[in-house]
Every structure is written in structure tokens, then in C-alpha cells.
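Colleague: Below are the chains, spelled out letter by letter.
2 protein chains.
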Amino acid sequence: MSVAADIDILVSEVGPRDGLQSIGRVMPTEAKKAWIAAEAAAGVREIEVGSFVPAKLLPQLADTAEIVAFARTIPGLHVAALVPNFKGAQAAVEAGAHKITLPLSASESHSLKNLRRTHAQVLDEARQIGEMLKALPPERRPEFEGALSTAFGCTIEGVVPEAKVVELAVALMEAGCSEVGLSDTTGYANPTQVKRLTQAVWAAVGRDKLTGLHLHNTRGQGLANVVAALDIGLTTLDASLGGIGGCPFAPGASGNIVTEDLVFLLEAMGLRTGISIPKLLEVRRLVAEALPGEQLYGFVPDAGVPKGFRPAS
Amino acid sequence: MSVAADIDILVSEVGPRDGLQSIGRVMPTEAKKAWIAAEAAAGVREIEVGSFVPAKLLPQLADTAEIVAFARTIPGLHVAALVPNFKGAQAAVEAGAHKITLPLSASESHSLKNLRRTHAQVLDEARQIGEMLKALPPERRPEFEGALSTAFGCTIEGVVPEAKVVELAVALMEAGCSEVGLSDTTGYANPTQVKRLTQAVWAAVGRDKLTGLHLHNTRGQGLANVVAALDIGLTTLDASLGGIGGCPFAPGASGNIVTEDLVFLLEAMGLRTGISIPKLLEVRRLVAEALPGEQLYGFVPDAGVPKGFRPAS
Numbered sequence: 001m002s003v004a005a006d007i008d009i010l011v012s013e014v015g016p017r018d019g020l021q022s023i024g025r026v027m028p029t030e031a032k033k034a035w036i037a038a039e040a041a042a043g044v045r046e047i048e049v050g051s052f053v054p055a056k057l058l059p060q061l062a063d064t065a066e067i068v069a070f071a072r073t074i075p076g077l078h079v080a081a082l083v084p085n086f087k088g089a090q091a092a093v094e095a096g097a098h099k100i101t102l103p104l105s106a107s108e109s110h111s112l113k114n115l116r117r118t119h120a121q122v123l124d125e126a127r128q129i130g131e132m133l134k135a136l137p138p139e140r141r142p143e144f145e146g147a148l149s150t151a152f153g154c155t156i157e158g159v160v161p162e163a164k165v166v167e168l169a170v171a172l173m174e175a176g177c178s179e180v181g182l183s184d185t186t187g188y189a190n191p192t193q194v195k196r197l198t199q200a201v202w203a204a205v206g207r208d209k210l211t212g213l214h215l216h217n218t219r220g221q222g223l224a225n226v227v228a229a230l231d232i233g234l235t236t237l238d239a240s241l242g243g244i245g246g247c248p249f250a251p252g253a254s255g256n257i258v259t260e261d262l263v264f265l266l267e268a269m270g271l272r273t274g275i276s277i278p279k280l281l282e283v284r285r286l287v288a289e290a291l292p293g294e295q296l297y298g299f300v301p302d303a304g305v306p307k308g309f310r311p312a313s
Numbered sequence: 001m002s003v004a005a006d007i008d009i010l011v012s013e014v015g016p017r018d019g020l021q022s023i024g025r026v027m028p029t030e031a032k033k034a035w036i037a038a039e040a041a042a043g044v045r046e047i048e049v050g051s052f053v054p055a056k057l058l059p060q061l062a063d064t065a066e067i068v069a070f071a072r073t074i075p076g077l078h079v080a081a082l083v084p085n086f087k088g089a090q091a092a093v094e095a096g097a098h099k100i101t102l103p104l105s106a107s108e109s110h111s112l113k114n115l116r117r118t119h120a121q122v123l124d125e126a127r128q129i130g131e132m133l134k135a136l137p138p139e140r141r142p143e144f145e146g147a148l149s150t151a152f153g154c155t156i157e158g159v160v161p162e163a164k165v166v167e168l169a170v171a172l173m174e175a176g177c178s179e180v181g182l183s184d185t186t187g188y189a190n191p192t193q194v195k196r197l198t199q200a201v202w203a204a205v206g207r208d209k210l211t212g213l214h215l216h217n218t219r220g221q222g223l224a225n226v227v228a229a230l231d232i233g234l235t236t237l238d239a240s241l242g243g244i245g246g247c248p249f250a251p252g253a254s255g256n257i258v259t260e261d262l263v264f265l266l267e268a269m270g271l272r273t274g275i276s277i278p279k280l281l282e283v284r285r286l287v288a289e290a291l292p293g294e295q296l297y298g299f300v301p302d303a304g305v306p307k308g309f310r311p312a313s
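Sequences listed follow chains G and U, in order.
The working numbering puts the first residue of the first sequence at 1, with every later residue one more than the last.
The working numbering puts the first residue of the second sequence at 1, with every later residue one more than the last.
You may find that some hints are simply not true.
Remember, identical chains collapse to one label, so a pair may be satisfied in a single copy or spanning two.
Calculated pairs, SDA-like style, for lysine to any residue (alpha carbon to alpha carbon, straight line, at most 25 Å) [what the hints assert, rightly or not]:
1. K307 - E162
2. K164 - D208
3. K195 - T235
4. K307 - S22
5. K279 - A41
If you're looking for bench data, these hints aren't it; they were derived computationally from the structure.
Generate the whole structure from the sequences, applying the supplied hints.
Modeller: What follows is the structure, given as C-alpha cells:
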């Protein structure tokens, strides 16, 4: 979404979706609601609250419709949900999501392995979703993002050609998406690549159609990539509270970048997020209590903010 | 030192000094030599190998003279050492260091608490050292860096005024230093501040007199700050193998930025360090064996480099 006038950067929390789908246990619905409410109260303006996948595939997210409906009641919160296909998009619209995100893996091998679908099949779903949304009255029509996963490289294919990413971004826009996103699913991105690929996609679909990135911290490069993103003027950054989720596969190597560390970076740089760091750290404690024994990541929660620190917000 | 023609960025390893002084145990002299030799063989061009402090204060570094003499025998290696005062500088010259670094804490409270000396007293030492070096024949004269610690903030004073840092940088140059450095001793720095403070010091002492930074990762911002440093054209970055040292005070919060993660960042960005990542990871194994049970940090050692990764060097 476009960034509100009173903030400079939109931090989009993906923990309740990307985080919870990556861990084995199921967080009770009430605990999810408490998390989302507390994080919105801390100033977070957008939260991806779930995914409309079949419950047998991801029992962790089986209550997504209820969570979306709840999140919709929080004033000022932009409620996002992942949808794997047309059917999921229908359910998301039904539940009232403000934004739906359809992932498309830039690496076709990854797409086949993880989603069992070719690029053409996913683009077909995108077209069907686009048609369905077009028929809705504007006030019920959610934003529709096509999210290019493995955009910065793939653990199966290795290098993913930038021309392929650009081609798929164009195809997603043509299929009816209102915007596209780039995801560093594998933690392969570097700052130079972040700038180059974003600018290539901008050249093809327009600068206003790609405003954000989903970065991972698998190789400790997450915030370095954020600095590159800020440098070229991107304004939306996904992050996960406590760095939960995002396919961590090595001890200490979180997947998603950590919301707490990201907000500190931005506020220290003088960029307003609208988020209170002390309140965010309270949310972390709440989530830690709801997920006892689960590994949380991040440096700022342990080290605290600097003495005399003045946030921008 | 100035960066050699065949590399873009000089990664200066500080582990054998900053790392080893921060941990309780004493690494045997032969293990230190093996570490330094292996890291030089991996392509690292500059290593701070020790500190000429009294052995009773830092028994970990009591063998610094022997280590400097050994490191001098490694072809192409720039051998740096810390000196707390004039006496230490004499010993460093005697041992044959290519570069000596005198720390001066920008926060006077920190200086008094940690070194029991005022700014004026440290600047007096700098002047004495400067005089001594001037009298040496050029071929025996080491580079002389004045390193401004707590330049980005202090755990006692909080915000350290930038005007104070600039004033001390000028004073160090007037006292006879050949260059100055800025250290984020406390992990307080942010990318905006890195640029602003570096440029302020450049305006006062000349761009060629400040070429590098010593950054910490206490709040997970180390590599984000590196990206800012690269953006304005700094060419020397300190780091510690495995992130050892640098006053870690929280679990998972390493002090120094991790050499392995830094070299990956730079090489991924297309910047030549001259360093082989596989060989660097071998050195890490060697250091881990020499320090059993010691916590090492870093993400790249766990996650590995991306599939199809092509380093710049």
C-alpha cells in the first residue's frame, strides 16, 4: 500500500503468516489475536495475518478467515493475507482482507517443487483472480500483489536470471495484479543486486508498482540489503517479529529479517515508522510466552537501544 | 594503509587483538601464529596482531612482540598493533609493526573510566609518539593511526557530540598521527550517522586521512553500517573472525562485525577483497579448535554461500 503521510517507511509484519507457517506447533487463535492487536497498538500499520491454504496443508493457519475478520476490526490496520490460488483469493475477499498476495516463484524448478505448478499455471490463477477482483465494487476490492519469490536466487537453480524476474513481473501486472513484490526467499540477495533488480523491474512496470521488498537474513545480510533498498527509495519492508519463520536451516540463521532490529535501524536513521520500540519489545514478550521454547532472533531486544536514543517517530 | 591496486576494499582483521583481549583464556602463541599465517594465506592483507599493553593487564596479549616479529615474516602482510601509550609505541616500533594504533575515547568519561586518562593526557602521549616516529628513518617508521573510540556514542555519556569527534580528530592529526579512524565501540552507529560523521571528519582533516571504520554488530546493524560506509567511498573495514571480541554483553549479540559475513557481503557486491571465502572458513575451523567452547558468531559459516555464487576476487 502507499505509505501514510505521517510515516516515511511502512514496516509490514509477516510473522503471523510467514512465521507461524514455518514452525511446527499451532498458535491458538486467541493468542494470534492478542499478538496482532498488540502489534497494531505498537504502531505497526500492516500485518500479513494468515494464508488461505487448505487446513490440511497448513493447520497452523486454518483460522485465517477468523483472524482476518478480527484484524479488520482494528482501526487503521491494513490487513494482508497470502493466497496460493483463485480459491484462496475468493476466501480472502469473503473474509475482507485489504490486500492479497499471490506468490510466484521466479525459479520454475522451485515453483514445481514447492507449489507443483508451472509459471503458466500460476499466471492463469493470477488472471482468474484479476477477473474476479475487477467484477467487485471498488470498496470491496483488495489490493492484489504478485510476489516474486526466489527473485534473488534459488537453492535449486542457483542464479535466477534478472530478465526472467522482469518478464514475470510484467506478466503478473498484465494478469491483473495491482502491484508486484520481490522476495529474497533464500537469503541470497546483496545490496548491489537489490538496487539493480529493483530498478530493472521499475523500468518494466513503473516505479509505483513495486514499492517493497521481502528480505531474509539467512546470511546476515538482511539489514545491509535494507540500506540499499532505502537508498533507491523503496518504502515498504517486510519483517517478522523475533525473526520467526522464513525457512531457517542453520542455528542462529534466522529467515525473515527481525522487526525489532529493522524498526531500530529505520528510527535511528531518522525515518519514521510510527512504531514504538518499547511497545514492540512488549509484543515480543507476549509472543515468546505464547510460543514457549521457540527460538526468537534479533539483537536489539538483547542489547536495548543506545543510551540517549531518540527515535524519529 | 592505502588499498592495493588489485583489491577494492581492505578488510583488516582485528581478532587476534580485539578478539583475544575480550575473552578470558590465553591462546597459546603457536596457535596465534597458525591463525595469523592461515588468515594471511586466505588473502587477508592486514591483521592487528596484538596490543603493547602491560602483561599484567592483558596476559592474553603478553606475547605481542613475538607475534609481531612472526607476522612480519609473512610476505605481503601489513602488521598492525595497538599501543596504549608512548612506551607501547616504542615497543611496537622495536618489534617492527607496520602500523600502530593509539585509541582515544571521544567520550572523556569513557576515557577516564577505561584508560584513566583525560583527552589532554592521551593527546600528550600522541605528541610524544609523533616526535619519536619523526626521528626514525622513513623505512622504520610505522603508520600512526589515532583511533577515536566511542565516536558514535557512549554507554556512559550517551550521545557524543559530533563537534567533539571532529575536534579530537584534528587534535590527533596535529599531534602527529598520519591518519585517524572512527570506532563504533558501543554498537550505537546507524548508517545515516556513519555518513554524516565521516564526512564531517573528512571536511576537517582531509579525505585521505580517514579511510576506514571499526564497526560493531551489537545491535545487528554492523553490515548495514558497512553499506553506508561503502556508499561514501570508505575503503578499509575492520572485522573479527567469528565475531570474537568487542565487549559482547548479550547472548547472540556479537561485538565486532564478523569477517566471514563481511567478506561475503563485499564479494557478493562485486568488491574485491583478495580473500578466499572457503579458505577463510578453514581459518574459522582452526580458531574454533584452538578455542574450544568459545562462542563464534556469523551467518555465512552456517548457511554457506549461495548456489552458483561467484566472488569478485
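Colleague: Look at each hint and say if it fits the structure.
Modeller: Evaluation of the provided hints:
no., hint, result
1, K307 - E162, "between (43 Å within a copy, 16 Å between copies)"
2, K164 - D208, "within (20 Å within a copy, 43 Å between copies)"
3, K195 - T235, "both (13 Å within a copy, 21 Å between copies)"
4, K307 - S22, "between (35 Å within a copy, 22 Å between copies)"
5, K279 - A41, "within (8 Å within a copy, 48 Å between copies)"
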